[in-house]
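Trainee: Here is what each chain is made of, one letter per residue.
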Amino acid sequence: MSYMDYLEMLVVIGVILLLVKPVGTYIYHVFSNVPNRSDRIFGGMENLIFKLAGYRQREGMDWKKYMVSLLASNTVLMTICFILLSLQQWLPWNPDRIGGMEPSLAFNTVISFMTNTNLQHYSGETGLSYLSQMMVITMMMFTSAATGLCIAIAFIRGITGTGKLLGNFFVDFVKAIVRILLPAALIVTLLLVALQVPQTLEPAAAIHTLEGSVQRIALGPVASLESIKHLGTNGGGFFGANSSHPFENPSGLTNAIEIWSMWVISASLPYTFGLFARNKKQGWVIFTAMFILFVAFLSLVYFSEQAGNPLIHTLGVDASQGNMEGKEVRFGVAGSALFTAVTTAATTGSVNNMHDTLTPLGGLAALVQMMLNVVFGGKGVGLMNMMMYAILGVFICGLMVGRTPEFLGKKIEAKEMKLIAIAILIHPFIVLVPTAISAMTGLGYGAVTNPGYHGLTQMLYEYASSAANNGSGFEGLADNTPYWNIMTGFVMLLGRYVSMIALLGVAGSLMGKEPVAESIGTLRTDNKLFTGILIGTVLLIGALTFLPVIAAGPVAEFLTLK
Amino acid sequence: MDVKYTHQSLSSYTGAALSALWVGLRFSLILIVLCGMIYPLVSTGLAQLLFPWQAGGSLIKNSSGTVVGSELIGQSFQDPKLFQGRVSSIEYDGAGSGSMNYAPSNPQLMLRMQASLEKWEMNNPEVALNQLPIDLISNSGSGLDPHITPQAAEVQIPRISSLTGISVQKLNSLIDDATTGRDLGLFGEPRVNVLKLNLALQELIAVTKQ
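If you read the protein sequences in the order shown, they are chains B and F.
Take the first sequence: its letter number 251 is residue 251 in the numbering used here, and every next letter is one higher.
Take the second sequence: its letter number 74 is residue 74 in the numbering used here, and every next letter is one higher.
Simulated from the structure, these hints should not be mistaken for laboratory data.
It is possible that some hints are incorrect.
What the hints assert, rightly or not - As a list, the in silico EDC-like pairs of lysine to aspartate or glutamate whose alpha-carbon atoms are at most 20 Å apart: (1) K170(F) to D183(F); (2) K209(F) to D79(F); (3) K81(F) to E211(B); (4) K164(B) to E514(B); (5) K411(B) to D526(B); (6) K61(F) to E211(B); (7) K170(F) to E118(F); (8) K119(F) to E514(B); (9) K61(F) to E203(F); (10) K196(F) to E211(B); (11) K196(F) to E118(F); (12) K81(F) to D177(F); (13) K81(F) to D183(F); (14) K280(B) to D62(B); (15) K61(F) to E154(F); (16) K119(F) to E154(F); (17) K209(F) to E211(B); (18) K61(F) to D96(B).
My request is simple: use the sequences and hints to build the entire structure.
Mentor: Given below as structure tokens:
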């Protein structure tokens, strides 16, 4: 029934296309600082928060002050959460008596959730108390997503504005939570509970099964975490099996709701950018480039999973469903492939099927989307990365025709290009170097559980996922060891903050420049040609950096799987 | 002059960072209370009020009123008289979740599947191997998958009918009752809830015995 597969995927994608404009417009209104209707609804609550925090001035910040405020508040949150996780055994709301978290694991976990990665080296059912699930995990899902939104908005203000000031970080931070994430999360939570996702503070249930044995069923405040997990492109599950767990994702409809939740804000930000730039076409050009790449990768996952594992075909069973290892019957191949494509594009990192068990080319699509890190991308940072490639595209084309490159009416010069070079190079550096170190050391290679080429892919995927702040994994990897906790901890930190600082620096620098008048020699960046240039630049840089390692991992596995 | 200037701007940065830390701390505490306590507790309250059964884990009872499981969490069925679910490396232990994560190229995957096949052929001699759908011999992602495909239920009818004496038509209608279509006719796949199916089957067996 493959036409039903197509219809399901088309409808899910179609709904996103319909949501881009209204949601993008709403985000613009929230952050444009022009008085609007959302003030009346949320202004009171925000004023209360500012009053409680004793924060009066709310004046604009230059890019350095904005960045320092962002880093400072992230540091404070990580410190508090580290303490909460380490002491959870003595804190309330721990009905299943779960012990304190080991330091290297707590180090990894707080970085993971603050950087919007949500790599999980623990299993929620057995590793976290309900208090930790709420006050650490759920709370950080809001604050890390808000951090990502803030940086994207500041970046947009920088490249589309003039002057010195990018806005006030704390005001943006509170607005992102109060006006966007909290109300959306509350609505999605209730929808999910209505569709059978649990939300309770009762301990795990003990049940006598039909065959007379005792089954313990882990429960908890799942829905309130599940909603923000996706809305904030966080991706860390309440349970170890993440969104493949029937309590996190009970049906085809919840699957669609979770896909929409994780995709909608990232997909709408290019439109928001178009509004800030007073050039909607410019926003659509960015969106289209992302969308074309997305459809290509979705097709690769879907057709590869539908074709299935050639080894299983030799068994003589009815394998027409495709590759069902690691997948749930209620989602099938279509619902699983779509989820995989969206979660690695929007760098959410939740999974509704096990990526380790994907066919080689299905796994490759997931891996490459994280390596490129621009196909919609995580909350905010995906847009910033795509703008980075846009500036690089302008620069390369400018060099080819011998003109000074310009973007949005500002000259691109040596200072911007140096910062962009840092942001582009850090990503492959923190993926490839740690993979190589891990492949050469027993501490690293000891975690590999699948033999052969796939073993290399397991390690590569772990670092690509950490660097892109995605958080999904080839979960067979036995990664809860001090070595892997600390290595991936640092990769996540560098992956998040180095490119953020560099790109906000670019925005600050462009903002201070005099706009240049558009002339006949200006390369237009809001037409189809530039969409092609953008996709070409992304694929060129991606291929130059990652092609060899992809050949040694998933491609080699594909070629030898017969 | 230069040195002094750098020194001055450095100390003003440290000052700015310290004040940002202090402001950040105040906002952090408020947001921990708002997002980490008020939000999940309000959600829990509303959920318990509006949808108490769903919020409590969708527990289902048998006809005598005893809770026998959650509609959403699969159970291990070893008895050949009952319908069998998917492979679970965690034996459907609902206190945890997950699977072995065998890659397509992992030799262990083929060994496990061949073992499943041998067991299947022994218990179901009536059914040709090419009728056996792949979902019955593959491990679900969660290890707790409560469903199988309708085809996977139908191929078990000959075995169960010959072991229990229940007619094929009767078993077919039990499967129909436990089958859910695509949500809104569109999302997800048609599926059979194995626990509900076996619950109905067990009660039918008990009635037939009397």
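Trainee: Each of the hints needs a verdict: does it hold here or not?
Mentor: Hint check results:
Proposed proximity of K170(F) and D183(F) is contradicted: the alpha carbons are some 26 Å apart, above 20 Å. A distance of roughly 17 Å separates the Cα atoms of K209(F) and D79(F); the hinted pair therefore holds under the 20 Å criterion. Pair hint K81(F) plus E211(B) holds up; C-alpha atoms about 11 Å apart against a cutoff of 20 Å. Among the hinted pairs, K164(B) with E514(B) is consistent with the structure: their alpha-carbon atoms are about 12 Å apart, no more than 20 Å.
Taken as a hint, the K411(B) and D526(B) pair is honoured in the structure, with Cα atoms around 17 Å apart against an allowance of 20 Å. Between K61(F) and E211(B), the direct Cα distance comes to roughly 14 Å. Compliance with the 20 Å bound is thereby established for this hinted pair. A hinted pair counts as satisfied when its Cα atoms are at most 20 Å apart, and K170(F) with E118(F) does not qualify at roughly 28 Å. A threshold of 20 Å between alpha carbons decides the hint, and for K119(F) with E514(B) the separation of about 76 Å lies outside it, so the pair is violated.
Of the supplied pair hints, the one linking K61(F) and E203(F) holds, its CA atoms being roughly 12 Å apart against a limit of 20 Å. Of the pairs offered as hints, the one joining K196(F) and E211(B) holds, with about 13 Å between alpha carbons and a cut-off of 20 Å not exceeded. Only pairs whose Cα atoms come within 20 Å are accepted, and K196(F) paired with E118(F) is rejected, the gap being roughly 27 Å. Straight-line distance between C-alpha atoms of K81(F) and D177(F) comes to about 18 Å, which keeps the hinted pair within the 20 Å bound.
Among the hinted pairs, K81(F) with D183(F) is inconsistent with the structure: their alpha-carbon atoms are about 30 Å apart, more than 20 Å. Straight-line distance between C-alpha atoms of K280(B) and D62(B) comes to about 26 Å, which puts the hinted pair past the 20 Å bound. Proximity of K61(F) to E154(F) is assessed by CA-CA distance (about 25 Å); at most 20 Å being required, the pair is judged violated. A hinted pair counts as satisfied when its Cα atoms are at most 20 Å apart, and K119(F) with E154(F) qualifies at roughly 18 Å.
Of the supplied pair hints, the one linking K209(F) and E211(B) holds, its CA atoms being roughly 18 Å apart against a limit of 20 Å. Our distance criterion of 20 Å between C-alpha atoms is broken by K61(F) and D96(B), whose separation comes to about 24 Å.
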